[in-house]
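Participant: No gaps in the numbering here: position 94 of the sequence shown is 94 in our numbering, and each next residue is one more.
Hints are computed from structural coordinates only; laboratory data are not their basis.
Some hints could be false.
Pairs of lysine to any residue, SDA-like flavour, derived with a Cα cap of 25 Å [said to hold, decoys possible]:
no.	residue 1	residue 2
1	K62	E81
2	K113	E43
3	K113	E88
4	K41	N145
5	K62	N87
6	K80	G166
7	K62	E92
8	K40	I168
9	K113	D143
10	K62	K113
11	K80	K40
12	K41	D143
So the derived label-pair ranges between C-beta atoms look like this [stated by the list, open to error]:
no.	residue 1	residue 2	range
13	A163	E135	38 to 46 Å
14	E115	A162	18 to 26 Å
15	S111	G55	22 to 30 Å
16	L157	N91	27 to 35 Å
17	K80	D137	14 to 22 Å
18	V171	N84	15 to 23 Å
Note that CB positions come from ideal geometry on N, CA and C, so glycine has one too.
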Amino acid sequence: TKCQENPFHDESSRLSRVSSFLPFFILFKDLPRLFLQRRKKIENQVVVITGGAMGIGKEVSKRLAVQQKAKVCILDVNEKEGLNTVNEITNEGGVAHYFRCDVSDHESLQSVKKEIQAHPQLAVLRIGECLDMSEKDYKINSDVNILGHIYTVRTFLPEMIAAQRGHIVSVGSICSYYGEHYGTAY
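Start from the sequences, fold in the hints, and give me the full structure.
Facilitator: Take a look at the structure:
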């Protein structure tokens, strides 16, 4: 009969057709989520950025304050560069405040937290780099990179959990994936 000759009724043929569409399904199943997902709005939200005085932290601070209209709190030990960054942001129409803070010192973070009036909804952690350092500098760098991250999260996360909103973004480098001369401290 014609039904028996029809390849669509053959089980192996049906399986072959289904398996040929499977890769396309896997590749494209998340497309609607990517295009329809709402971006988080941070306009007028308080954003805490550690290491925001220079480098990547500075650029993130500027973009969030000027383009996204967030209220940026820059935490850094480098007061001169921190104030320069705040001036650049305010000259471009953004809102930013500098707080001198050593993120490797839990007390320093707690003190700055009390100075910040609103609860942060986003914290961006950016810790610096260093090469050719003394043992003392190595310890300082290690404390900033490890303890600074832990202390910052422990300082700001409880309010985010209580408010049932907020985000913490940790920024690292590719150095954790490959070795580099004098890179072990980082």
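Participant: Are the hints correct? Go through all of them and say.
Facilitator: Hints, verified against the model:
Only pairs whose Cα atoms come within 25 Å are accepted, and K62 paired with E81 is accepted, the gap being roughly 13 Å. Distance restraint check for K113 and E43: the Cα-Cα separation of roughly 20 Å lies within the 25 Å cut-off, and the hinted pair is therefore satisfied. About 23 Å separates the Cα atoms of K113 and E88, which keeps this hinted pair within 25 Å; it holds. For the hint linking K41 to N145, the alpha-carbon distance of about 29 Å lies beyond 25 Å, and the restraint is violated.
Restraint check for K62 and N87: the C-alpha separation of about 10 Å stays at or below 25 Å, so the hint holds. Between K80 and G166 the CA atoms are separated by roughly 30 Å; this puts the pair beyond 25 Å, and the hint is violated. For the hint linking K62 to E92, the alpha-carbon distance of about 9 Å falls within 25 Å, and the restraint holds. A C-alpha spacing of about 13 Å is found between K40 and I168, which places the hinted pair at or below 25 Å, so the restraint holds.
Taking the CA atoms of K113 and D143, the gap is near 19 Å; set against the 25 Å cutoff, the hint holds. With a CA separation close to 21 Å, the supplied pair K62 and K113 stays within the 25 Å bound. A threshold of 25 Å between alpha carbons decides the hint, and for K80 with K40 the separation of about 32 Å lies outside it, so the pair is violated. Our distance criterion of 25 Å between C-alpha atoms is broken by K41 and D143, whose separation comes to about 33 Å.
Evaluation of the 38 to 46 Å hint for A163 and E135 yields a pass: the beta carbon distance comes to about 42 Å. The given range of 18 to 26 Å is respected by E115 and A162, whose C-beta atoms sit roughly 19 Å from each other. Between S111 and G55, the C-beta spacing of about 24 Å keeps the proposed range 22 to 30 Å intact. Distance hint for L157 and N91: a CB-CB separation of about 33 Å, consistent with the stated range 27 to 35 Å.
In this structure the supplied range 14 to 22 Å holds for K80 paired with D137, their Cβ-Cβ distance being about 20 Å. For the hinted restraint 15 to 23 Å between V171 and N84, the CB-CB distance of approximately 20 Å keeps it satisfied.
Comparing the model with each earlier hint shows violations of hints 4, 6, 11, 12; every other hint is respected.
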